[in-house]
Amino acid sequence: MSARELEAALNAAGYPCAVEGRDRLAVIVPGGAGNWGEACTRRALARLAREHGFTHAAVELSPSGAALPRD
Amino acid sequence: MTLDPTASSQHPALDAARARERRLVEWLRARSSALLGFSGGVDSAYLACVALEALGADRFLAVIGRSASYPAAQWEGALAVARRFGIPLLETDTEELLDPSYAANPSNRCYFCKSELWGRLAPIARARGLAVVLDGTNADDLRDHRPGALAARERGVESPLAELGFTKSEIRLLSEARGIPTWRQPASPCLSSRIPYGTAVTPERLQRIERAERALRELGVEGDLRVRFHDELARVELGPEALELWLAPGRAERLRDAVLGAGFARVAVDLRGFRSGSLNVLSGVVAEVAG
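Protein chains in written order, with our numbering: chain A, 598 to 668; chain B, 16 to 306.
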């Protein structure tokens with residue numbers, strides 16, 4: 598599994614972010630505002646993470662609010 | 016509430032479960048007296064109520080083993096169940112965190128915890144002349160990674176719910192029929208289960224996890240909930256409905272602030288939500304089931 602490859606795949610799929618790999622956990626740090634909590638987005642992110650060998654993926658809720666969903 | 020064993024319902028699953036319960040009562044009476052390791056969870060609360068009814072208060076004792084890994088909220092729930100149903104109760108402290116084998120958090124950590132627990136409860140049973148020591152393991156549990164079961168076997172602890180084939184859903188159904196409030200309580204394993212294998216278990220980490228989960232409950236998070244420990248990062252696992260609700264605009268900030276307030280520096284929400292035994296998969300102890 599490669600955090601860098603997952604990060605590239607997510608960015609190519611239209612999800613600007615950085616990915617931090619912690620063994621089998623991918624911590625996705627969003628690069629901007631967006632509705633990261635939407636069900637279809639969550640499914641797409643989790644699927645891409647699995648395809649890259651991560652059993653777990655989590656999206657960070659950053660203090661700046663970057664990962665938080667917007668109206 | 017006592018079930019009328021002859022009563023029939025319009026609920027075939029409940030009827031089948033009641034038949035199993037009658038076998039449980041016979042099983043317990045054949046032992047004549049018992050001590051139960053009582054956590055206040057769904058299984059042990061149900062077994063305590065049936066055992067009290069089958070054996071009587073002078074031949075049954077429920078014992079809570081308390082330590083930093085036992086959630087305070089569950090302890091409060093256990094006391095409430097005991098009070099409500101008149102369950103004879105004893106509390107004893109356990110010190111698994113002082114055992115370096117436990118604190119190092121190997122994949123068989125539960126073995127060391129249960130060794131400590133049963134090592135304290137078995138002498139209590141002997142001193143009081145109670146014939147057997149019981150736990151609340153059910154038939155579903157036998158399919159999971161449960162290294163603690165070995166410690167139970169080594170101490171001769173019996174698991175009537177598993178032995179008689181009770182599933183978790185049957186126990187919930189029978190608990191509801193008896194009015195035991197735990198019937199819809201989410202499963203609540205010890206706080207150490209939130210820490211990945213190989214990461215040391217310390218009182219400070221357990222307290223931080225407990226504060227975070229309590230803060231989320233106070234915020235209104237319902238259903239399955241785990242705050243998984245990844246050093247400075249808390250990974251929050253929520254049930255499907257809560258995941259949808261708490262990632263909605265306006266709520267995610269409150270969720271984040273509650274966890275930060277408990278002492279974590281970063282908060283992330285697991286995209287797939289709550290998965291029982293999630294850290295077993297993360298640690299590679301068990302393979303992920305496809306689907």
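In case anyone wonders, no lab produced these hints; they're calculated from the structure. Since we're looking at a predicted model, the values are computed, not measured. Even glycine gets a Cβ: it sits at the ideal position worked out from N, Cα and C. Honestly, I wouldn't trust all of these hints.
Stretch-level coverage of chain B by chain A, calculated; a stretch enters the list once three of its residues show a Cβ under 8 Å from a Cβ in chain A [claimed, not checked]:
{"id": "1", "segment": "43-51"}
{"id": "2", "segment": "68-80"}
{"id": "3", "segment": "155-167"}
{"id": "4", "segment": "180-190"}
Chain A side only, calculated, beta carbon under 8 Å to chain B, not exhaustive [as the list claims (entries may be wrong)]:
{"id": "5", "residue": "GLY618"}
{"id": "6", "residue": "ARG619"}
{"id": "7", "residue": "VAL624"}
{"id": "8", "residue": "GLY628"}
{"id": "9", "residue": "ALA636"}
{"id": "10", "residue": "LEU642"}
{"id": "11", "residue": "LEU645"}
{"id": "12", "residue": "THR652"}
{"id": "13", "residue": "ALA655"}
{"id": "14", "residue": "VAL656"}
{"id": "15", "residue": "GLU657"}
{"id": "16", "residue": "LEU658"}
Simulated restraints, written as ranges between beta carbons of each label pair [unchecked claim]:
{"id": "17", "chain 1": "B", "residue 1": "ALA95", "chain 2": "A", "residue 2": "ALA606", "range": "46 to 54 Å"}
{"id": "18", "chain 1": "A", "residue 1": "PRO613", "chain 2": "B", "residue 2": "GLN222", "range": "33 to 41 Å"}
{"id": "19", "chain 1": "B", "residue 1": "PRO138", "chain 2": "A", "residue 2": "SER659", "range": "49 to 57 Å"}
{"id": "20", "chain 1": "A", "residue 1": "ARG644", "chain 2": "B", "residue 2": "GLY71", "range": "53 to 61 Å"}
{"id": "21", "chain 1": "B", "residue 1": "ALA88", "chain 2": "A", "residue 2": "ALA610", "range": "26 to 34 Å"}
A quick look at each hint next to the structure:
1. 43-51: violated (count 0)
2. 68-80: violated (count 0)
3. 155-167: With 0 residues closer than 8 Å to chain A, the segment 155-167 of chain B misses the three-residue bar; violated.
4. 180-190: violated (count 0)
5. GLY618: Violated - the Cβ of A/GLY618 stays beyond 8 Å from chain B, reaching only about 12 Å at its closest.
6. ARG619: holds (6 Å)
7. VAL624: This hint holds: A/VAL624 lies near chain B, its Cβ roughly 6 Å from the closest one there, short of 8 Å.
8. GLY628: violated (15 Å)
9. ALA636: Cβ of A/ALA636 sits 7 Å from chain B, so the hint holds.
10. LEU642: holds (5 Å)
11. LEU645: violated (10 Å)
12. THR652: Interface hint status for A/THR652: holds (5 Å vs cutoff 8 Å).
13. ALA655: OK, holds: A/ALA655 within 8 Å of chain B, min 4 Å.
14. VAL656: holds (6 Å)
15. GLU657: holds (4 Å)
16. LEU658: holds (4 Å)
17. B/ALA95 to A/ALA606: 46 to 54 Å: Given a distance of about 50 Å, which is inside 46 to 54 Å, the answer is holds.
18. A/PRO613 to B/GLN222: 33 to 41 Å: Given a distance of about 37 Å, which is inside 33 to 41 Å, the answer is holds.
19. B/PRO138 to A/SER659: 49 to 57 Å: holds (52 Å)
20. A/ARG644 to B/GLY71: 53 to 61 Å: holds (56 Å)
21. B/ALA88 to A/ALA610: 26 to 34 Å: violated (40 Å)
When each numbered hint is compared with the structure, violations occur for hints 1, 2, 3, 4, 5, 8, 11 and 21.
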